[in-house]
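**Q** Could you put the whole structure together from the sequences, leaning on the hints where they help?
2 protein chains.
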Amino acid sequence: MSILADLTARDVAERLQLARADYAAFRSRGLKLDMTRGKPSPEQLDLCDGMLTLPGNRDYHSDSGDDVRNYGGLQGLAEIRQLFSSVVDAPAEQVVVGENSSLAIMHDCIVWALLKGVPGSVTPWSRAGDIAFICPAPGYDRHFALCEEFGIRMLPVAMTDDGPDMAAVEALTADPAVKGMWCVPKYSNPTGAVYSDAVVRRLAAMRTGAPDFRLFWDNAYSVHHLTDRRPALADILELCAEAGHPDRPFIFASTSKITLAGSGLAFFAASPDNVRWYLARVGKRTIGPDKPNQLRHIRFLRDAEGLARHMDAHRRLLAPKFDAVLAALDTRLGDLGIARWSRPEGGYFISVDAMDGTARRVVELAEGLGIRLTPAGATWPGGKDPSDRTLRLAPSFPSLNEVRTASDGIALSILVAALEKLGASAETR
Amino acid sequence: MSILADLTARDVAERLQLARADYAAFRSRGLKLDMTRGKPSPEQLDLCDGMLTLPGNRDYHSDSGDDVRNYGGLQGLAEIRQLFSSVVDAPAEQVVVGENSSLAIMHDCIVWALLKGVPGSVTPWSRAGDIAFICPAPGYDRHFALCEEFGIRMLPVAMTDDGPDMAAVEALTADPAVKGMWCVPKYSNPTGAVYSDAVVRRLAAMRTGAPDFRLFWDNAYSVHHLTDRRPALADILELCAEAGHPDRPFIFASTSKITLAGSGLAFFAASPDNVRWYLARVGKRTIGPDKPNQLRHIRFLRDAEGLARHMDAHRRLLAPKFDAVLAALDTRLGDLGIARWSRPEGGYFISVDAMDGTARRVVELAEGLGIRLTPAGATWPGGKDPSDRTLRLAPSFPSLNEVRTASDGIALSILVAALEKLGASAETR
Chain P
108 MSILADLTAR DVAERLQLAR ADYAAFRSRG LKLDMTRGKP SPEQLDLCDG MLTLPGNRDY
168 HSDSGDDVRN YGGLQGLAEI RQLFSSVVDA PAEQVVVGEN SSLAIMHDCI VWALLKGVPG
228 SVTPWSRAGD IAFICPAPGY DRHFALCEEF GIRMLPVAMT DDGPDMAAVE ALTADPAVKG
288 MWCVPKYSNP TGAVYSDAVV RRLAAMRTGA PDFRLFWDNA YSVHHLTDRR PALADILELC
348 AEAGHPDRPF IFASTSKITL AGSGLAFFAA SPDNVRWYLA RVGKRTIGPD KPNQLRHIRF
408 LRDAEGLARH MDAHRRLLAP KFDAVLAALD TRLGDLGIAR WSRPEGGYFI SVDAMDGTAR
468 RVVELAEGLG IRLTPAGATW PGGKDPSDRT LRLAPSFPSL NEVRTASDGI ALSILVAALE
528 KLGASAETR
Chain G
108 MSILADLTAR DVAERLQLAR ADYAAFRSRG LKLDMTRGKP SPEQLDLCDG MLTLPGNRDY
168 HSDSGDDVRN YGGLQGLAEI RQLFSSVVDA PAEQVVVGEN SSLAIMHDCI VWALLKGVPG
228 SVTPWSRAGD IAFICPAPGY DRHFALCEEF GIRMLPVAMT DDGPDMAAVE ALTADPAVKG
288 MWCVPKYSNP TGAVYSDAVV RRLAAMRTGA PDFRLFWDNA YSVHHLTDRR PALADILELC
348 AEAGHPDRPF IFASTSKITL AGSGLAFFAA SPDNVRWYLA RVGKRTIGPD KPNQLRHIRF
408 LRDAEGLARH MDAHRRLLAP KFDAVLAALD TRLGDLGIAR WSRPEGGYFI SVDAMDGTAR
468 RVVELAEGLG IRLTPAGATW PGGKDPSDRT LRLAPSFPSL NEVRTASDGI ALSILVAALE
528 KLGASAETR
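Which chain is which? The protein sequence lines are P and G, in order. First residue of the first sequence? That's 108 in the working numbering, and the numbers climb one at a time after it. First residue of the second sequence? That's 108 in the working numbering, and the numbers climb one at a time after it.
One should not assume that every hint holds.
One copy or two, either will do: identical chains are not told apart, so a pair holds if it fits within one copy or between any two.
[What the hints assert, rightly or not] Below, a list of computed lysine to aspartate or glutamate pairs in the DMTMM-like style, where the Cα atoms sit at most 20 Å apart:
(1) LYS491 <-> ASP248
(2) LYS223 <-> GLU256
(3) LYS139 <-> ASP174
(4) LYS391 <-> GLU255
(5) LYS528 <-> ASP156
Source of the hints: derived by calculation from the structure; they are not laboratory data.
**A** Structure follows, in structure tokens:
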């Protein structure tokens, strides 16, 4: 399969020597680069400069005339729910606006499910014995960390280019202990895959052993396009309702990567029953969300067109960085058959499958070049990548030049690790 | 005890007739007033006009040079923790800044205690069987609602002018099922009482059956003075540490009634171990708080002096309203011996003990005058006031004139209800 693998031991040794020379030269540059997290760059944050003086002098009334400065308004301003209705694919009246973190909303849904149960629960999840979540992998480490925090068993299933391996998912959901599943359905973290219509349909229709099973539908990158192709995600709320499972999806989204990562808005959307449940719970937690920040967002983004224009501006900054990563991988590794990588059309990550058994070594080698990568295994439940091959590259934060350099160093590290491995196995042949 | 109670049945009947005439006249004014919740008035919110354009153009660096617009900074900006260190009575390094709601932080502490346990827990609280919280009453309805939400039994103890009845508290804490206690130690909601040094000392020193007992120390009104007397609250963190119970207090506060009710900052403060525990939990929930809002607060309040000046401005708006309530009560009820009320030196509420068995009737009568009051019983666990006498008056939101009018109507309603009761009992004598 791998073209390098067809080489003789002597050829491998020669190539390794050359690659190590490149590596030593690279190392001598003494760089310090960070490709660990999907953080927006300062230039992206600058796109929101205008927000730092908004909502503006004496501007504190919502469209309905409410004084946003005071308590209340638990569900969020109607105009914000309207604007983001298309982002979360739900009617505005089924959208709730939270604070600055969709992860926080997911966390809260889990703790409330554990302590109170969700609509359809016979008992709170914490009293249902051992429970489990399906975890398409590679996936988002912070999702998995929530499962770990609350003792929820994780069941990895493979990600394909169309979404999770549905045969595996359907086999698992028969078990009533399986209460939920993590999904990043569009421009998935980290592979960039978009769930196909067929996959979404099957997720909506599948039979679950648990009557209170929930899809944790983290639509984090709904409008975060990198190309002109803008794949539409099938409407999970509608498909679930049609399939007779209206309460199945909990939809999450945020503006963390639209406006400001530190002070965006997060959203929850779901069936009317789920929304009632959510509001009843969150109404015990707080008297209301930060409405001035909601007004600030409306004043800044204005409308759907403004939002689209703003996302285009992000794209102009992000797409060249993704291109740079892909170019570096293509150049160093394109014809060697030792690694595969995603070519995402949106989102924040590129996922690389290095040669099996080398991901940890690649991270170590990159570290040696002064390039910090997400720890190998981080995108797998429990931090355990069974093939030790997945690398997550996050090119958004460094400058374009830094991304170019870092990507070349990463590609070089992937090559060295593969040659080391091939050399070692040649020796033991 | 009651002077009216010494009257003959005929005198009572006469007085009731007069009061009813007053009531009918008042009713004919067709007013619509709301004294239900401790909401800041628009004039108070106007004090923060400047915040609507802050942090300001290109102003996004914290004192340490971090870009506040991006992710991270879980504990909150050092300069904000420093400024509010004196408000929560804890060193800045033991303060965590949250979002806009201290109630939310209390909620989170409870759900984490239930699901994970706190430092010192042998088992998560949700697996410790039946657990209970001590609830000084009258108290804050939203505290009690959290207990109800999560099935925590509530044990009311009487509030005195010095804080909770400590003999009752100490008797209850011997039970290992008693895991916590709600405290609003300064300008208590709703009585305005300030816990005396002796009470705070006993709370710090008392023996508890539960090794993981927590004081939920909601210091909501720490700097919310209404007079020049500014009682100092004893230092609960220090006293607990001295008594060998460093982890006992969880301290909460917020700027909801300092800056903007809808977009303030909330604080958690506690022992180093508790803070480590809290950060480990909250770090699973979010990547970081809204730091631009923290910067906005620093730019607006600047320093301790700025904060004090700002609170003086609040006082100038609030104190006359409290005076108006007290004047109305004094005028209508001062020499009748049928009701008692607090004369708070800070905070947001006046608590009235109407004649036993009449509070619900008073709320009904006030409603008849177009005056909405907090439901009778709301300040008691489960909404059940055993004597049906506590009324909570919240004079902050309406205008001064409205407060004057509403207070007169409330005093009148208290009088009518008392006379009705006296008349009824005279008839059955």
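**Q** Each hint should be assessed against the structure and marked as holding or not.
**A** Hints versus structure:
For the identical chains of this complex, LYS491 and ASP248 are intra-copy neighbours only, at 11 Å inside a copy versus 46 Å across copies, given an alpha-carbon limit of 20 Å. When the C-alpha separation of LYS223 and GLU256 is checked against a cutoff of 20 Å, the pair qualifies both within a copy, at 18 Å, and between copies, at 8 Å. Taking the shortest alpha-carbon separations for LYS139 and ASP174, only the inter-copy value of 19 Å comes in at or below 20 Å, while the best intra-copy value is 48 Å. In this assembly of identical chains, the alpha carbons of LYS391 and GLU255 lie at most 20 Å apart only when taken from different copies (10 Å versus 26 Å within one copy).
For a Cα distance limit of 20 Å, the shortest separation of LYS528 from ASP156 qualifies neither inside one copy, at 49 Å, nor across copies, at 64 Å.
Of the numbered hints listed earlier, the single one contradicted by the structure is hint 5.
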